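Colleague: Chain residues, written in single-letter form:
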Amino acid sequence: MIYEELERQIEQLRALSRNGVDLSEEIERLEAKLEALKKQIAAPASSPAPSVELDDWERVKLARHPKRPYALDYIQALTEDFYELHGDRLYGDDAAVVAGIARFDGQTVVIVGTQKGRDATENVKRNFGMPHPEGYRKALRVMKLGERFGFPILTLIDTPGAYPGVGAEERNIGGALAQNIYEMLSLKVPIVATIIGEGGSGGALALAIGDRVLMLENATYSVITPEGCAAILFRDATKAPEAARALKLTAPHLLRLGVIDEIVPEPPGGAHLDPEMTMRALRGAWQRHLRELLALPAELLPPQRREKFQKIGVYEEIAELS
Amino acid sequence: MAIFGKKYFKVDLERLERKDDEALWMKCKACGELVFKKRVRENNNICPKCGEYFFLTALERIGILVDPGSFEDISRPIIAADPLQFVDEDGKSYSEKVKKAQEETGLANEIIVGRARIGGYPVILAVMDFRFIGGSMGSVMGEQICHAIQHAVQERAAFVLISATGGARMQEGILSLMQMAKTSAARKRLEDAKLPFISIMTYPTTAGVEASIASLGDITLAEKGALIGFTGRRVIKQTIRQELPEDFQTDRFAFEHGIVDNVVKREQLRDELIRIFRLFAPLLAPSAARSVEARDREAIV
Chain A
1 MIYEELERQI EQLRALSRNG VDLSEEIERL EAKLEALKKQ IAAPASSPAP
51 SVELDDWERV KLARHPKRPY ALDYIQALTE DFYELHGDRL YGDDAAVVAG
101 IARFDGQTVV IVGTQKGRDA TENVKRNFGM PHPEGYRKAL RVMKLGERFG
151 FPILTLIDTP GAYPGVGAEE RNIGGALAQN IYEMLSLKVP IVATIIGEGG
201 SGGALALAIG DRVLMLENAT YSVITPEGCA AILFRDATKA PEAARALKLT
251 APHLLRLGVI DEIVPEPPGG AHLDPEMTMR ALRGAWQRHL RELLALPAEL
301 LPPQRREKFQ KIGVYEEIAE LS
Chain B
1 MAIFGKKYFK VDLERLERKD DEALWMKCKA CGELVFKKRV RENNNICPKC
51 GEYFFLTALE RIGILVDPGS FEDISRPIIA ADPLQFVDED GKSYSEKVKK
101 AQEETGLANE IIVGRARIGG YPVILAVMDF RFIGGSMGSV MGEQICHAIQ
151 HAVQERAAFV LISATGGARM QEGILSLMQM AKTSAARKRL EDAKLPFISI
201 MTYPTTAGVE ASIASLGDIT LAEKGALIGF TGRRVIKQTI RQELPEDFQT
251 DRFAFEHGIV DNVVKREQLR DELIRIFRLF APLLAPSAAR SVEARDREAI
301 V
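Protein sequence lines, in the order shown, are assigned to chains A and B. Letter 120 of the first sequence, counting from 1, is numbered 120 in the working numbering, and no numbers are missing. Letter 12 of the second sequence, counting from 1, is numbered 12 in the working numbering, and no numbers are missing.
The shape of chain A in the complex, shown without the other chains (with noise of 0.2 angstroms):
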């Protein structure tokens, strides 16, 4: 209970500073007490604690972990040569997307990911990670240019969501984002999506079209945060935990129902605790699926691609409507 106080304090402080107020020092003392609980809980040196027993909300708040690696952390680990592009050619450059070129594996990819900020500062830059439709306007356009030059496709997902904004309206984010589903349903090359945080909703869909969805074992995936769906559903807020468990938003309940395709483990108490191993296994993981999906005609690609979403779906058969 005393780490579910903790979060919320930190969670409060972090509303805060969005509207101005400098308290990442506050923030930082608070996280860093929380650290020293959680491995007190989560890691025993002696038994690796299996953390599938984690509570789906604690996941939620493993995935929405300020020291969490974010998209360039593992852009910088596992590529190599990342030459950063910038700009939709439209409007303007987005922050809370990265996009680029890199060497991985021996071989050229595009890499595209929503970014978060470390700190205050950043985080106005990177805008909390939630792209406006100019973002996901130049995720299409690098993943174009990937496909012209048959590069493979790596995207890494961890936003709250797109950002609900007046200028994210008047620039159409609902078009930028079906139009990124429709087209990278048909790119004619390899796409491998990972969910590494936070998976929000239509605008973590808008970048995670992928021949292969992987997800690591605490990031999240869900057509809408614990938080609204308990402001909505529940009529209030703070029946979060509550929702969160309802959506079945979780890397093991997603792999079920048959969403995502494989589950990159996490050191016990959570990526941040043991990067390092969080990246190698990711590696695999990205050697893998690349292999597996270059040794497919490129042509065979998108038709698959577009029969393994239209297959999603569960409801029941009723003899006739009539």
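To be clear, the hints were calculated from the coordinates, so they are not data collected in a lab. Among the hints, a few may not be true.
Calculated cross-link-like contacts (lysine to any residue; reagent style SDA-like; alpha-carbon spacing at most 25 angstroms) [stated by the list, open to error]:
#	chain 1	residue 1	chain 2	residue 2
1	A	K144	A	Q304
2	A	K125	A	H86
3	B	K188	A	Q304
4	A	K311	B	D73
5	A	K239	B	Q150
6	B	K100	A	D236
7	B	K27	B	G63
8	A	K311	B	D82
9	B	K92	A	F234
10	A	K308	B	D82
11	B	K99	A	Q304
12	B	K100	B	Q150
13	A	K144	A	E84
14	B	K99	A	F234
15	B	K188	B	I219
16	B	K99	A	R235
17	B	K37	B	P48
18	A	K144	B	D192
19	B	K237	A	I232
20	A	K188	B	Q150
21	A	K308	B	A81
22	A	K144	A	D261
23	B	K10	A	E316
24	A	K188	A	Y83
25	B	K100	A	I232
26	A	K311	B	E42
27	B	K237	A	G117
28	B	K224	B	K194
29	A	K311	A	L300
30	A	K311	A	P252
31	A	K311	B	Q85
32	A	K311	B	K224
33	B	K237	A	E170
34	A	K311	B	K194
35	B	K224	A	E170
Just so you have them, the derived chain B footprint on chain A, three or more residues with Cβ under 8 angstroms [to be verified]:
#	stretch
36	165-171
37	174-184
38	196-205
39	232-243
Small disclaimer: the values here were computed from a predicted structure and weren't measured. Virtual Cβ for every residue (Gly too), placed ideally from N, Cα, C.
Position chain B against the provided structure of chain A, taking the given hints into account.
Modeller: Just chain B now, kept in the frame of chain A:
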């Protein structure tokens, strides 16, 4: 579930007439005038006094668009399952919610798929009904839209999607999010077959549906009075803590920001569609039953 044994769900436009015991008069929510209900109905559910649009059910909408007698419900016989065993705070399960919506609307689902003719042109319609859990998109809607697209391709018909939806169906969790990808994948078949997809956005067309299939039309029309956007007004207001422009996410806003091709009055939607279909006519299957009027017009062109 006894309800499914009844001859209950299949949509029949002939049964559209409302019950006699209904009140004869209604008060317009916009102008406050007392208006004769029958007049309102004959006027496409538009207030005869002030022009305010009243809500249309999916059936009423189909009724004002299609050639008389041409509509046939071809929805797949499927209904919502409860894959997450979702229970909301009132202790009500998703299954109960669906059942209640079915009883209240007389519909099996939040979307009706039908084959029809409009001005003689062959059309596959997919029409949402907002009364049914906010017209939200879960696995059933995703599948029905794919089913509709498949029929459009097989029959070389135009595909018309009429949205009235709050977005994804939360009670189906991630599966509802995935319907955005599913319907977008099916949409490719129309492109490959060179068949026109007309997306009509009405009040409201938001969130998961707006950010997928509804925004993928070859031609996108907003019905006058539509609400079009991704994130709801309330959420945006909470996030930015500022007043929003008055016309935010209205039909005009969507038009001015280049989100829709045209804003069309309800009473003109049918004619607008016919004008569009005429331009695509060579790509559509010839319809034996095409009206004389339509044939004459084509002859002139």
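Colleague: Which of the numbered hints above does this structure break?
Modeller: As far as the earlier hints go, 5, 11, 12, 26, 28 and 32 are violated by this structure, in ascending order.
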